[in-house]
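Chains as they are written, first to last, in the working numbering: chain R, 1 to 365; chain P, 366 to 730.
Treat the hints with care, since some could be wrong.
As the list claims (entries may be wrong) - Keeping only pairs whose Cα atoms sit at most 35 Å apart, straight-line, the calculated DSBU-like set for lysine-lysine is:
1) P:Lys691 with R:Lys154
2) R:Lys4 with P:Lys369
3) R:Lys277 with P:Lys434
4) P:Lys698 with R:Lys205
5) R:Lys205 with P:Lys691
6) P:Lys570 with R:Lys316
7) R:Lys205 with P:Lys695
8) P:Lys435 with R:Lys316
9) R:Lys330 with P:Lys472
10) R:Lys107 with P:Lys681
11) P:Lys369 with R:Lys136
12) R:Lys316 with P:Lys656
13) R:Lys69 with P:Lys642
14) R:Lys70 with R:Lys136
15) P:Lys484 with P:Lys369
16) P:Lys691 with R:Lys107
17) R:Lys326 with P:Lys435
18) P:Lys484 with P:Lys642
19) R:Lys330 with R:Lys291
20) R:Lys69 with P:Lys681
Rather than coming from a laboratory, the hints here were simulated on the basis of the structure.
2 protein chains.
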Amino acid sequence: MPRKTRPVRLGPWIVGGGNPIRVQSMTTTDTRDAEATLRQIETLERVGCEIVRVAVPDQEAAASLGVIKKRSRIPLVADVHFDFRLALRSLEEGVDGLRINPGNIGKRANIALLAKEAKARGVPIRVGVNAGSLEKDLLASLGMSAEAMVASAKRSVELLEDVGFTDIKVSLKAYDVPTTIRAYQIFAASFDYPLHLGITEAGTKFSGAIRSACGLSVLLWHGIGDTVRVSLASNPVEEVRVGYGILRSMGLRSRGVEVVACPTCGRLEIDVEELGKQVEEALSFVEQPLKIAVMGCTVNGPGEARDADIAVVGGKDGAVLYIQGKPMAKLQKAQILERLVQEAKALVERENIEEKAPGAKEVPA
Amino acid sequence: MPRKTRPVRLGPWIVGGGNPIRVQSMTTTDTRDAEATLRQIETLERVGCEIVRVAVPDQEAAASLGVIKKRSRIPLVADVHFDFRLALRSLEEGVDGLRINPGNIGKRANIALLAKEAKARGVPIRVGVNAGSLEKDLLASLGMSAEAMVASAKRSVELLEDVGFTDIKVSLKAYDVPTTIRAYQIFAASFDYPLHLGITEAGTKFSGAIRSACGLSVLLWHGIGDTVRVSLASNPVEEVRVGYGILRSMGLRSRGVEVVACPTCGRLEIDVEELGKQVEEALSFVEQPLKIAVMGCTVNGPGEARDADIAVVGGKDGAVLYIQGKPMAKLQKAQILERLVQEAKALVERENIEEKAPGAKEVPA
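Pulled out of the complex, with its shape left as it was, chain R reads as follows:
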């Protein structure tokens, strides 16, 4: 069961409160270059990114936000470090959300002023704690630990609460997975603010995806998490794909094609690896959830085929095609890919399959 968090509005979405877990990413372009940034945002939106964050390192970058906001079709969050005036300027430019790092944003008075301006505009603030940039006094007393991360978040959250600001989201990211899990768990036991999940500096595309999946899945399994951002040293499109991959694996969101493919063992009758990749590629445009099984032989093939929307199971001289669990045709090897893709497209058109995830309907704030 998901943990009950308080709903917080971010542009068109309500994050928390039992709403679908939103997938977000961050641009890698120079924010001062609005055109390049908008091109990347459009690409991200096409793969399902629902919230986009941009770095705001200086006033010139902040000045760019108005143009970006006007033309972005997904809500825009300004990521600000060190200088709270950049956050104020971001608000003036109309961003949908702010992210500040309590470890470096400076004095209490600055945060109070920020809260006042954000409240006037109905803009939420994410308190984004990062193990790599904790306040010096917390590091001194608690070390780089889950407890120090929670103390950092708590300090900023309570400061915002003191000035009457509660449109808060919180993240507590570390590179270390057990530390991250514990930080979120400790925080979630005391506060009901929606949580933005992430493992920071997770790594290169492949190893970072594994590390992120490890951390996020444990939290999601315990009902913790209202929005996710996978941090990869890679094209942010991959961050969105991995984000959906994790949510899909945990049964929390479904989007696009998922290919069930057997591990290629000595019993293999068809080239499952190649076929699996080709199917993923050929159907990458599909937005509706569609489960396709590509099975090499009859050990587990028929069982998985019954559970998939479409399946092929390798046999002696080709494969058997299953549609919605029923064997429909024998295919020769050369036909398999074409027929599979053709039937998948037909099924998508016929069914216009709806998102099956729990809580897919928006709950009002």
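Assemble the complex: chain R is given as a structure, and chain P must be docked to it using the hints.
Relative to chain R, chain P alone:
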């Protein structure tokens, strides 16, 4: 805390009982071709595979096992479906372990005979339940569910216990992650046999790695799991890499280089993605655990650098090199990769860093 399981010997390893979680894989070669299979086993061993399983679909494949066993430097497990006589033959050929699928191995009398022969040779049996191939009566009464999977495992385990055989490992694999997690959790609540973790037919390399990481990490977080096999429709070398990636992320095993790389954002001063990949590649031969941080800028860079064995943090005209947490040199962009790799190699030689994982020492059975 890991769950306390009973120790079971498999070749040189003791699986369970608080021993290191062993990483295993399965060959994709034709087992009848002993030379090709041995070449693949050798490749797997080089990337850290600690147990290897081979498919035994017929008597000819079983006949090949003697040669493979004699020359494999890691323990060999025979994977048998449908025909228990193939399992008997595998035992005669000297395999270190057997895997049977209770859903298809046939009559009680056959399993009893198998247990007698395995016991005489000190060979453990894995009861390998797979959601795709459950017994028909269980499917009829319980559907394809965690409960049906546990019932299937329980039936075979109790049958083995009835004939005095307790060198048992168990796996309960499904494609669906929540189902798999629940199956292992339910089983672990009643039995103390060591558990072999896996998500079955997880998918192609990238999406299968994510799915496996999701399932395994939740179980490992709860102390469940004594050996892991990641099933990918890919080269089994990737299965081993993903296996270590998951265990490393969860803080349970450490092997080789891990690269902490920041997500590439608009603040980037060095090409973190390319550099991260190059470092992973250049140091892929390293077996000792070594943490390298490649950070684009000074927001979280210095913090992560302090926590890594070696790090570079991008600055205005290059990067700062950190060794064991201390800033050591300013590097120009063109120097970064070479110097980083050079310092890493020097550190590995100097330190011969020991495996830091808890329980890395073997506990006797």
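Exercise. If you draw a straight line from the CA of Lys484 (chain P) to the CA of Lys369 (chain P), is it 35 Å or shorter?
Worked result: holds (23 Å)
Exercise. Holds or violated: Lys326 (chain R) with Lys435 (chain P), Cα cutoff 35 Å?
Worked result: Violated, because 45 Å separates the two Cα atoms, which is more than 35 Å.
For this session: Starting from Lys205 (chain R), check that the Cα of Lys695 (chain P) is at most 35 Å away, please.
Result: holds (28 Å)
Exercise. Is the Cα-Cα distance between Lys369 (chain P) and Lys136 (chain R) 35 Å or less?
Worked result: With Cα atoms ~40 Å apart, Lys369 (chain P) and Lys136 (chain R) exceed 35 Å; violated.
Exercise. Is the straight-line distance between the alpha-carbon of Lys698 (chain P) and that of Lys205 (chain R) 35 Å or less?
Worked result: holds (22 Å)
For this session: Measure nothing beyond the straight line between the CA atoms of Lys69 (chain R) and Lys681 (chain P); if it is 35 Å or shorter, mark the hint as holding.
Result: holds (29 Å)
Exercise. Hey, Lys277 (chain R) versus Lys434 (chain P), does the alpha-carbon distance stay inside 35 Å?
Worked result: With Cα atoms ~34 Å apart, Lys277 (chain R) and Lys434 (chain P) stay inside 35 Å; holds.
Problem set entry | Restraint status (C-alpha distance of Lys691 (chain P) to Lys107 (chain R) at most 35 Å) | At roughly 29 Å apart (the allowed maximum being 35 Å), Lys107 (chain R) and Lys691 (chain P) satisfy the hint.
Exercise. Going straight from one Cα to the other, do Lys435 (chain P) and Lys316 (chain R) come out at no more than 35 Å?
Worked result: Between Lys435 (chain P) and Lys316 (chain R) the Cα gap is close to 32 Å, so the pair holds against 35 Å.
Exercise. Is Lys330 (chain R) close enough to Lys472 (chain P), meaning Cα to Cα at most 35 Å?
Worked result: Satisfied, since the Cα-Cα distance of roughly 32 Å is no more than 35 Å.
Problem set entry | Satisfaction of hint between Lys136 (chain R) and Lys70 (chain R), Cα-Cα up to 35 Å | The hint is violated at about 38 Å.
Exercise. Would the pair Lys205 (chain R) and Lys691 (chain P) pass a check requiring their Cα atoms to be no farther apart than 35 Å?
Worked result: holds (28 Å)
Going down the numbered hints, you'll see the structure goes against 11, 12, 14, 17 and 18, while the others check out.
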